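First to last, the sequence lines map onto chains C and P. Its first residue numbered 8, the first sequence is counted upward by one per residue in the numbering used here. Its first residue numbered 8, the second sequence is counted upward by one per residue in the numbering used here.
Quick caveat, the hints were computed from the structure, so don't treat them as lab data. Just so we're clear, the structure is a prediction, and the values are computed from it rather than from any experiment. A few of these clues could be false.
Identical chains share a label here; the pair holds if one copy fits it or two copies do between them.
Pairs of lysine to any residue residues, derived as SDA-like cross-links and limited to a Cα-Cα distance of at most 25 Å, are as follows [what the hints assert, rightly or not]: (1) 304 - 83; (2) 16 - 267; (3) 133 - 52; (4) 16 - 61; (5) 16 - 120; (6) 16 - 143; (7) 304 - 93; (8) 133 - 238; (9) 304 - 114; (10) 304 - 75.
Number of protein chains: 2
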Amino acid sequence: MATLQDVAKKAGVAPITVSRVVNNSGYVAQEVRERVEAAVEELGYVPNILARSLRSRQTNTLALVLSDVTNPFFTTVARGAGDSAAEAGFMLILCNTDEREQEEQRYLEMLVQRRVDGVLLVPAGKAVRQIQQLRQHGTQVVVLDRRLSEPVADVVRGDSLGGSRALCRHLVQQGHRVSAVLTGPKQVSTSRDRVQGFREAMAEAGLETMCRAFYGQYSQSSGYAMAGEALNQTPRPTALFATNNFIAIGALNCLRDRGVKVPEDVALVAFDDLPPGLVTFPFLTVVSQPAYEMGRKGAELLLRRLNGDAEPYQEVVLPVEMTLRRSSGSFGTQPESMIGDASPPLVERL
Amino acid sequence: MATLQDVAKKAGVAPITVSRVVNNSGYVAQEVRERVEAAVEELGYVPNILARSLRSRQTNTLALVLSDVTNPFFTTVARGAGDSAAEAGFMLILCNTDEREQEEQRYLEMLVQRRVDGVLLVPAGKAVRQIQQLRQHGTQVVVLDRRLSEPVADVVRGDSLGGSRALCRHLVQQGHRVSAVLTGPKQVSTSRDRVQGFREAMAEAGLETMCRAFYGQYSQSSGYAMAGEALNQTPRPTALFATNNFIAIGALNCLRDRGVKVPEDVALVAFDDLPPGLVTFPFLTVVSQPAYEMGRKGAELLLRRLNGDAEPYQEVVLPVEMTLRRSSGSFGTQPESMIGDASPPLVERL
DNA sequence: TGACATTATGGTAACGCTACCACATGGGGC
DNA sequence: GCCCCATGTGGTAGCGTTACCATAATGTCA
């Protein structure tokens with residue numbers, strides 16, 4: 008492997024001059040630049056980022072630590088963050104915690120060891136201590152998707168409260184009186200917020216006692232189990248609210264297995280859309296978040312911090328969008344065609 | 008940020024001794040070890056991987072360069088590779104090329120700059136030159152999912168030919184005579200192989216003239232478009248073969264929009280399963296590949312190469328599995344229930 | 001003419017770590 | 001007594017790059 012020194016020797020210049028050519032920094036005469044470029048070409052020189060980073064104390068690398076890479080919502084967030092990063096000449100590393108605090112801790116340590124410049128964190132738990140540790144090691148942090156109990160970092164998240172309220176109001180309007188919320192872990196803010204938003208709207212309608220919340224995991228299997236429990240309640244809820252897309256899928260499977268028809272027997276609404284087409288049966292009434300924007304905004308904020316921006320920490324709450332489809336009965340109750348339904352949904356921006 | 012030097016000073020030992028404690032290598036007396044560990048704790052020392060890698064000439068990092076992170080097939084491959092890597096103390100970096108050779112090139116350069124030890128590559132094009140370049144820079148390569156025109160690296164892939172043959176035979180058995188293959192780019196080996204396998208089996212049945220192939224992208228929108236074209240042919244095919252999951256979804260959407268019933272009017276079979284439940288309507292007859300295994304095996308091979316294994320390059324062809332479901336008419340033609348069908352599918356291991 | 005910015009190039013050291021070699025001690029086997 | 005091996009510790013140098021400072025030639029302006 009040729010080094011910068013080798014190139015310098017071949018081009019008959021000092022190493023630093025080669026560095027300037029490669030990084031396009033400082034002054035280099037056109038003639039010298041060409042000579043160096045020829046030498047680079049000839050030797051197949053590729054700069055060693057490790058050495059560069061060691062010396063310059065920055066790695067031009069961000070990391071995105073998230074709870075579930077298999078969830079299209081987060082993949083989209085990653086895409087947004089990746090695009091922002093790439094534009095700024097940064098690389099993005101993806102780390103999957105599966106919602107486990109221990110994994111999260113393990114990854115954060117690894118990232119400090121690698122001296123990544125900044126971390127976009129979807130915290131699995133109460134991340135305050137971890138964030139302070141990172142910052143102590145000189146790593147900037149921006150939190151995505153979830154709130155913090157204390158303002159120790161910038162936060163970019165969706166409007167869980169508002170979205171859930173809207174979904175509930177819609178259900179109430181459709182005549183539902185008894186409902187259940189199927190949600191994720193209690194320590195995750197989105198999980199709590201979505202329950203709360205839904206409850207608030209139930210209370211508005213004088214129905215505060217008619218809504219039961221089930222806490223579980225943001226996973227399909229948990230959604231399946233929680234839907235089963237919910238259906239065993241008396242009085243049986245006529246509407247279910249799944250607080251994320253995977254829970255919704257699990258719930259749908261449970262309803263199908265039990266022979267419960269959606270929306271005739273039970274209505275279902277959900278937070279987080281699925282990517283159009285990944286489900287060939289796009290009939291869920293959902294509140295969807297601007298996932299791509301969330302990633303972009305988060306990375307932009309992080310990069311700004313890296314450039315020395317020392318403003319007080321801010322919380323960016325992105326607006327969500329409600330899309331009415333069949334699952335909440337908003338398009339009547341005739342049975343669906345086999346492979347789905349092409350009628351355009353109603354979209355309401357909150 | 009405390010350095011190894013600082014720890015050494017505090018513990019009253021030489022830097023190298025701290026290194027030995029941190030890396031658990033060489034001889035260190037118990038008493039000294041404890042003193043060093045105390046100093047590490049007190050100073051909050053975190054080793055600098057950059058410096059370590061620069062000196063030791065290995066980064067303990069692998070990269071997986073793939074064509075589509077949003078495809079669950081590849082996410083699963085990534086999981087398998089990630090698990091193998093983690094077990095060996097390696098980190099895995101994910102890079103998404105979106106099937107563009109230019110992006111692939113860009114990433115590969117970046118990875119050489121970062122001196123990753125090895126690359127798992129799902130090549131977007133004829134990767135022979137790129138692989139040779141990587142190896143020249145001291146980076147080992149294992150190719151996943153796709154064949155190479157020359158044996159310049161280990162390959163781990165699924166049995167595209169056999170799987171496609173099986174699907175075709177199944178369709179022929181169901182009485183189909185006219186069919187169309189909707190596939191990905193021509194320069195991708197899986198795309199060609201799956202067409203060929205299908206054609207071979209058509210020929211077996213004396214139907215070689217009754218099958219038309221449409222080349223496009225491994226994407227939903229392309230699947231939609233190709234299905235549309237296929238349906239316009241005369242005679243109209245009674246069976247479609249989508250060579251990956253996304254094409255299948257696009258085709259399904261197209262069929263739905265055109266009011267074509269599956270499987271009554273047209274049968275559909277596909278390569279690559281979708282993760283159970285991601286589609287609430289799991290009724291596709293598919294050949295599925297052991298994606299997780301592919302990732303695991305690939306990473307294991309790569310790690311073995313890094314440990315100096317110099318065997319000749321091998322090609323590992325993983326067996327695939329055919330699952331018969333409704334979309335090919337194998338369970339009769341009564342209309343499906345609204346949300347799907349819980350009847351257990353038939354599975355045939357090839 | 002001198003002062004000063006602009007352009008162009010290089011020398012030296014340092015980033016934080018480990019490879020390599022040297023050396024010291026103690027014990028066991030013959 | 002000797003050799004040899006296991007154990008324990010350190011010194012020196014160097015991985016490949018860039019930060020920082022120095023130098024010098026040229027041009028510009030008052």
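Hint check results:
1. In this homomeric assembly, residue 304 and residue 83 come within 25 Å of each other (Cα to Cα) only inside a single copy, at 13 Å, whereas the closest approach across copies is 28 Å.
2. Within a single copy, residue 16 and residue 267 get their C-alpha atoms no closer than 77 Å, and across copies no closer than 70 Å, so neither meets the 25 Å cut-off.
3. Taking identical chains as interchangeable, the C-alpha atoms of residue 133 and residue 52 lie at most 25 Å apart only when they sit on different chains, with a minimum of 23 Å there against 46 Å within one chain.
4. Taking the closest pair of Cα atoms, residue 16 and residue 61 come within 25 Å of each other both inside a single copy (23 Å) and across two copies (22 Å).
5. In this homomeric assembly, residue 16 and residue 120 come within 25 Å of each other (Cα to Cα) only across copies, at 21 Å, whereas the closest approach inside a single copy is 34 Å.
6. For the homomeric pair residue 16 and residue 143, the shortest alpha-carbon distance between copies (21 Å) is at most 25 Å, but the shortest distance inside one copy (41 Å) is not.
7. Proximity of residue 304 and residue 93 under a CA criterion of 25 Å is satisfied intra-copy only: 14 Å inside one chain copy versus 31 Å between copies.
8. For the homomeric pair residue 133 and residue 238, neither the shortest alpha-carbon distance inside one copy (32 Å) nor that between copies (55 Å) is at most 25 Å.
9. When the C-alpha separation of residue 304 and residue 114 is checked against a cutoff of 25 Å, the pair qualifies both within a copy, at 23 Å, and between copies, at 24 Å.
10. Within a single copy, residue 304 and residue 75 get their C-alpha atoms as close as 20 Å, and across copies as close as 23 Å, so both meet the 25 Å cut-off.
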